[in-house]
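K.L.:
Assemble the complex: chain A is given as a structure, and chain B must be docked to it using the hints.
Spelled out, the chains give:
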Amino acid sequence: MTRMAATITVLLMPLQSIAAQGGTPLRAPIVVASKPFGESFLLAEMFAQLLERGGRRVERKMGLGATDVAFQAIRGNRADVYPEYTGTGLIAVLGDSLTSAMRADPRRAFTYVAGESLRRFGVTWLPPLGFENGYAIAVRRETATRYKLRTLSDLAASPARLPAGFTADFIGRNDGWVGLQRAYGLQVAGVRPLAPAIKYEALNQRAVDLIDGYSTDGLLARFDLVTLEDDLRFFPPYDAAALVSPRLAANDPGALVILTALSGRLTEADMRGWNQAIEVNAEPIPAVARRALASLGLADSATVAMVQQEIAGTAARDGRAQGFWSFFWDRRGETLRLAGEHVVLVAVALLFALLVAVPMSLWLARRPRIGEVVLQLFAVVQTVPSIALLVFMIPLLGIGVVPAIVALWAYALLPIARATYTSVRLADPDAVSAMTAMGATPRQQLWWVRVPLSAPVILSGIRTAAVLTVGTATLGAFIGAGGLGEPIVTGLGLADARLVLSGALPAAAMAVLVDASLALLSRALVPPHLRSMATSKA
Amino acid sequence: MALKLRVSSYTHRYAEVVALSDVSLLVPAGSLLAIVGESGSGKTTLLRSFNRMVEPAPGAVFVDEVDVTSMDAVLLRRRIGYVPQSGGLLPHWTVGRNVALVPTLLDQADRDGAARRALERCGLSPSVYFGRYPHELSGGQRQRVALARALAAEQQLLLLDESFSALDAISRSELHDVFADLRATLGFTAVLVTHDLGEAARLADAVAVMRAGRIEQLAAVRALMHAPATDYVTMLVDRARNTAQRLVDV
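Going down the list, the protein sequences come from chains A and B. Heads up, the first sequence is in the numbering used here, so the first residue is 1 and it goes up one at a time. Heads up, the second sequence is in the numbering used here, so the first residue is 1 and it goes up one at a time.
Incorrect hints may appear among the rest.
Simulated restraints, written as ranges between beta carbons of each label pair [to be verified]: (1) B:73 with A:460: 32 to 38 Å; (2) B:131 with A:525: 19 to 25 Å; (3) B:166 with A:520: 33 to 39 Å; (4) B:40 with A:377: 51 to 57 Å.
For the record, the hints were derived by calculation from the structure and aren't laboratory data. Just so it is clear, CB atoms sit at the ideal spot from N, CA and C, and this is done for glycine as well.
Just chain A, same shape as in the assembly (with noise of 0.2 Å):
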């Protein structure tokens, strides 16, 4: 503590120096980032909490997808500020690795990265949050008990073959499972990619016995799990720190120094703390920020006030005790409005997508050779897993609405382009084939034959791509895009299927309601002989 406390000081004095100077606060709010699990949205929040106290304006983007996802939008200006890890900013950022002298000295690592960060992307790292949350190997403490385990090396000497559950992130990387499979010759009976959400529950389901985790996570906790001590010192220091754009550390220093008040103030035992909080006992992240702040004496005397109430009303219930559907109930007014969040994003890229596909196909209709190659170049689209296509867009478009919406366009094109070219090009050939011969130029045939009887084709396929879209729309919570999708993604973090459960049923329920009302809308559109001819044809 004592040394980054000496660091802290260090790489204060030139930010107060400029906050001495009075910097002028931004004009648009400061947006706040998270990744998607427990400690990272406590961070932000806490960050969030501190800015608004310190009069900024803010926004949250909460859950970005991966860390590429959020560094990306940092380095782009698209967010302000989120919590990140040496470590992760040394390997998966950087693309560097570890020194010996890095591994002596954690101190080394962050001034390594914090100077390479600034120098490469513009992006500064305020002084490390004080607590480390590195990587952990962790087993059922009678998996612990039985086979003698305390370090790695004593998982390295024993005979014991265990089935291992890892994140798929871990399981590839040189400072994961493979540089950790060297480093102690370990030997397990088969690796198996997880869910960081769904590790823990398979641990304790006894599906695998040995999976990564973090050192702070309230999770080990809640299973009674135990760590294996990385006695070789093989993974990287994970010091959590705020990372800052550098719109934000240009325009508004005074905001640097409000975040700083947290450098060197948290330590693992507080986090482990909060983060049970959150991740087993399910509180409310706003709550435990809260008093996270108040603890550490950074709150006004009203929220201390409104912290203590709180408390209060947590020790009466226990958050996790509470039934889904009164839950549900209590967050009804939340989950309207994450629906009319969820709402624009499909509608606004359906209108698009139909506006591209159908007069496109049009066209194509008449070019097949050109049609073909176009629907292909559209399928290709369809097979680029949705949270890579959010992520290629982060460089063009940021994060947000924009992007996730441009991605669901992307994605609609498919099902509406093919409805419409197929059966445009298949309608009725002899009707076709009669109208060429007694006369009628090929425009006249495509508007008084081929749409018409394409119509029920055609609107099926915008069926298709509106169900599609309201599905995949829930992915743009990743990008912090909103929508239903922010719950999930948040109680997947958290491991809170509750959670989940209501982000996904509403996301069902409007898949149905929009399937169902474009059937509505469909056989009001279309004209009662061509149903009939449909279906005798069918």
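P.N.:
Then chain B, alone, in the frame of chain A:
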């Protein structure tokens, strides 16, 4: 002012397959030529060359002594009635609108009146059928509508592609009568593609028997029936006679 048709040394290939091989013929104005042959004999290709649905090359097709390739295809087609086997009516249009197709394409003033007259001529009361949809009609009624559509703009040439083949015997016979009356009244020129020599004998002035892209024999109906020129034509004629004879014997 029925139109005279002439085909001169017309050869047509679909990729490697020769559909028509050096075909020449003449259809006098106001007469009906039946083209009889099996599937793949080239009869439909020949029919479709008159309205440029297929392009004659090499060789030439003349309508009213004008080379069809010198005419705008769309304008040419609006002058020629066409009755396909399936009717080819637009399912989402009423009978009236279907029949008024060519008057509409030609931007004629009284297209509905023209459609009503054509329906009347084909034995369908406009007051009953004008507002109906094709799927509400019987097969015979649909072919009458298709016939009315082919005549609504006073076309002087009709191309009939197996127009009566898909109908039941009674409807077909009724439609034969309707068609024969129409031709007597209106005097248009017509080309009828059919695989049925009996139908050709019933309706046509002359018959062209086609086989493998060639005309085996082109003759007046009576001449063909009494003096078939090749073994193939003899066989067709005998078969048609036998069929008829079997009916008489019963």
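K.L.:
Determine for every hint whether it applies to the structure shown.
P.N.:
Taking the hints in turn, this is what the structure says about them:
The hint said 32 to 38 Å for the Cβ distance between residue 73 of chain B and residue 460 of chain A, and at roughly 35 Å that hint holds. Between residue 131 of chain B and residue 525 of chain A, the C-beta spacing of about 21 Å keeps the proposed range 19 to 25 Å intact. Here the CB-CB span from residue 166 of chain B to residue 520 of chain A is close to 38 Å, well matched to the stated 33 to 39 Å. A hinted range of 51 to 57 Å is violated for the C-beta pair residue 40 of chain B and residue 377 of chain A, which are about 40 Å apart.
Hint compliance for this structure: hint 4 is the single one not met.
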